[in-house]
Each structure stands twice: as C-alpha cells, then as structure tokens.
Amino acid sequence: MTTFLGLAETVLRDGFIYGLMAMGVFVTYKILDFPDLSVDGTFPLGACVTAALICAGVNPWLACLAALLAGALAGSVTGLLHVKFHITDLLSGILVMTAMWSVTLIITGKSAILQFFNKPTIFTYGPMQHLPQVLYQHRHILVCLLLVVLVKLLLDWFLSTKYGLLLRGTGDNSQYIVSLGRDPGTIKIFGLALGNGLTALAGSVLAQLGENADVNAGKGMVVLALASVIIGTSIFHRVSFLKATTMAILGAVLYKACLQIALQLGLPPHYLKLLMAVLLTVALLSQRFYKKGGTMNART
Amino acid sequence: MPEHNLPLVRMEHIVKTFHPRTVSETELFRDFFFSIVEGEFISVVGSNGSGKTTLLNLICGSLSLDGGSIFLRGKDITKMPEYRRAAHIGRVFQDPSKGTCPSLTILENLSLADNKGKSFGLSRGVEKKRLDFYKSQLELLQLGLEDKIHLPVGVLSGGQRQALALLISTMTPIDLLVLDEHTAALDPKSSENIMYLTDKLVREKKLTSIMVTHNLRYAVEYGNRVVMMHSGTAVIDAAGEDKKKYTVDDLLKVFNEISIECGN
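The listed protein sequences correspond, in order, to chains C and H. Numbering (our numbering) for the first sequence: 1 to 300. Numbering (our numbering) for the second sequence: 1 to 264.
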C-alpha cells in the first residue's frame, strides 16, 4: 500500500512538472496550431540554465525565472525564423532544437551532466526548511502542485485578456487578426516564446528535483507534451467546467501514469521511448475518432 | 455627394504581373488608374481573371504592386503592410469563415472587433458593460444572434457568419468598406438578406464601399457607381445618373461582346 501511495505521489509530482510543459505546448500546438519541435531543445535549456545559476549561488526561484526567460528567448527565435524568414514551422523548430544542443553544452561548460547536489533548490530553499516534518516529506509534490496551479491560473487569466483573445484568434483565423489592424506574425512569435518559456520552466523544476541537469533530458519531450495535450483534451473535452489548461495538466498526469504502470509491469526502461511514441500514435488516432463537429482549437 | 478635392482612394500607374519570368506570366494591370470618391458605393463586375479581386487585394495590401502608387486620403500607402491598412479598411470576404474566428464565441469575436484600433493589453478581453451594445448591434441583423452570444461562431450557418462578419467589419469607424464577392458562397435567401443588410449598413453609417460581385442584378440595384473590368481595364465606369441608366441587359450585352472578343 505504501509503495502504491509512493508511486502515485511520484506520478502526480512528475505529471505536474510535465504539466507545465503541456500547458506551454497547449499554447503553441492547440491555440496557434504550430507543431513546435524546439521544445526538445528548450526543455534541457531550462535545466542547464538553472543548474549553472544555482552552482553560481543564485536564488533558485530566480533561476526558475531565468530559465523561463531563456526558453522564451529560444522560442522567439523559432517564431522569428518562421514568421520573418518564412521557414516552415517544423524546420524552424528543428533548427532551434539543434542549436540548443550546443547552447546547453556551452552553458554547462562542455559537460553532459551538471550536478548541484546539496545546493539550495526550490524544494529546500527558504521557507521550505521551516515546514513541519509531515509536510516536509511531501515537499516535492507540494511545490510542484503550487507551481502548476499558479501557472495555470496565470495562463487562464492571460488567455481571457484582450491580448489573450488576440492570441487565440491568431491560431484560429490569422486573416481576422489582420483585419483588426494587428500583425499576426508578432503574436505568433509571442505565443512561441510563451510556450517555450513554460517548457524551460518545466526543465528547470525537473533539474532541481534531481539536483542535476542533463543536456540529453529533452529527448522525446515534444512527443510527451503533445501526447499530454491530446490525451487530456480528448478525454476531458466533454467536461464543460474544465479549462483546457487543466485538461493539459491532467493529460500529463495520465500519460506519466501509463508509463509508470508499464515500468511496474516489468517493461525494460530502454523501451520507454518506444512506448511514448506508441502512446502518442494511439492518442492521435483516437482523436480522429472523437472529432465530431467543428474544431475547437482556441477553447480555454 | 460631398465635395472633395482629393478622392478617398487614388491608384496611379498601377502595374501588376502574375508569375513573372515564367511561362505562365500574365500582365494583368499595365498603367491602370482608379479612384474612389467619398460617399461612393461602387459595384465592380467582370469575368474571372478580369482583375476585380486583384483590384481589391491591391487596395487592401494583400498583394503588392509591381509599379505605381496607391494613396488613401492623399497619403501614400503603397508600401504600407496589409494589417496597417486594415485600420482604415473593413473587408468582408467571399468565404464566410474568413471574417470571424470559429472557435471563439460571438461575444469574444465582437469584443475583439470592438477593440480594433485600440491597444490589446491585459485588461479583460470581454467587457461586461459593452454587452448591451453588442446585443443591440446583433439585433440589427434580425437573425436572433443576440440570444446566442456564448456560442462559438463555428456552429453558425454561412449566412449567419457572413452577417456577423459584415457587422464586425463596420463596427468601428472605417474609411472604406471592401466587399469581396461577399454573397457568392451563400444560398439565394441568405444572399438577398446579406445584400439588404449591406445596403442598410452602408446607408446608416454613410460608408464608402467597393463591392465585387458576379450578380449583375445586385450591381444594377445597389450602389451609385458601376464598373466593369476586363483584362485589367475598366470597360464600363458609370456613376450617378449615368449609372441609373444601366440595366442588367445592358451589362450582359457588354459582357457577352467582350467574351466573344476573347473567343469564349
């Protein structure tokens, strides 16, 4: 029983971390209809920026913010390549993803893994030390839950603002945005910055959980995030009171649960990426099955 | 018609070639001139490929010129990108889905349109205090949309969407309304209704408009100037009293003569 609870806690904790990224990919893939592959590069970017800063003694929450900004910067490069230089969406993402490989190595100082054991992280820093023992045991899941809820509420609020409406309209019908006297290209770049910022934030949190950053951590993140978004929105889209951001988070939790169950059933870990690809394929196929009536890309 | 020295839109020495330096190179406009005077409601007719829609695309900036200049109220807008010109121009497309966002609700679509020309910041996207105004605007359409403001536009019919698009494009003050075969994709009844609404809105808001249509009856019945395009030139251009003399048969006759010339 305790092992089960422990596993459930791990699944939820990881689901919340990947939920941050899933919300980012929800913005790029669902709202902007942009299949953004740079996610595979911006996830480890967030991890490495965080590790480098924490090693340098920077406040871990500030390191999170720096990771978010670094991811946003990389995301806007993807956007610029696509919008200003008319490179296809897929290729723009691949270019940034490839470039990030070097950028992360530059940040870590050429090492593939940058460790920062026993340095303050968001799980140990400041008020965390004063948590009562009962809660301190569960500090990882508590911090992740706090972060994911905070980001979700902020994103929900943002999407309901005037600029948020503009962002949703851009993916829906960019000609409409032109008619409103706005440049949809700029809005697209902003959306990609937002999506990759959240992805890098997820990378940052995951790095702090393990107290190390791995330049290879990004492999398969596009697949994981897309699967989370698609699973979440296709399973829960009939639940009218759930916002799409919540669906993305729940999707990430479910996805992590599937992987965890498979591992518990004895799947060798090196089969994991294969399983991830299979799960996304199944999600994509079932989505086609579900899709009836009009598309609801920009529902939030 | 009000007296103005400057026309609202002036197009000078327009040159536009499609597929340049290829075997399918077509020179559509060669030193073409066109003006729109404030208060005009122009109907533009002509066969496919005559340059009607290209004319609109050049005015709106969806296509760039190969030569010549375009002025709006005397200001050179030749190099101005489409989204900037849109501040002065309202446009309704042939495809009803182009004028609205399908996944956003009617209310959200109207809220976006209402904010045209202002900054899109972080204040609430849908302002509750404007609700009554939106409803009153929807009532003008007489389609009962005022009771469906929370529905996504994607579930509406083509005719309803086009009526909404028409309303949206004229909701904020504009200098010019561009109607790009905006009834062509609709069934006859919706088409009549949209034309009726167009005329009503144009009169009430005193809008200068240019409408491309394949419906010669609309071209005769509505507006105060009729233009027939053919291979990048205006073969008919009649305004005011002159325009009133034109019947559908007259237009059809010229249309057929041109077609025979072209060997169609």
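In case anyone wonders, no lab produced these hints; they're calculated from the structure. Just so you know, not all the hints are guaranteed correct.
Stated by the list, open to error - In silico BS3-like links for lysine-lysine, alpha-carbon gap of 25 Å or less:
no. : chain 1 : residue 1 : chain 2 : residue 2
1   : C       : K84       : H       : K79
2   : C       : K110      : C       : K219
3   : C       : K243      : H       : K128
4   : H       : K135      : H       : K98
5   : H       : K116      : C       : K84
For each hint, the structure was consulted:
1. C:K84 <-> H:K79: holds, 17 Å
2. C:K110 <-> C:K219: holds, 18 Å
3. C:K243 <-> H:K128: holds, 21 Å
4. H:K135 <-> H:K98: holds, 22 Å
5. H:K116 <-> C:K84: holds, 24 Å
Consistency with the previously given hints is maintained throughout, with no hint failing.
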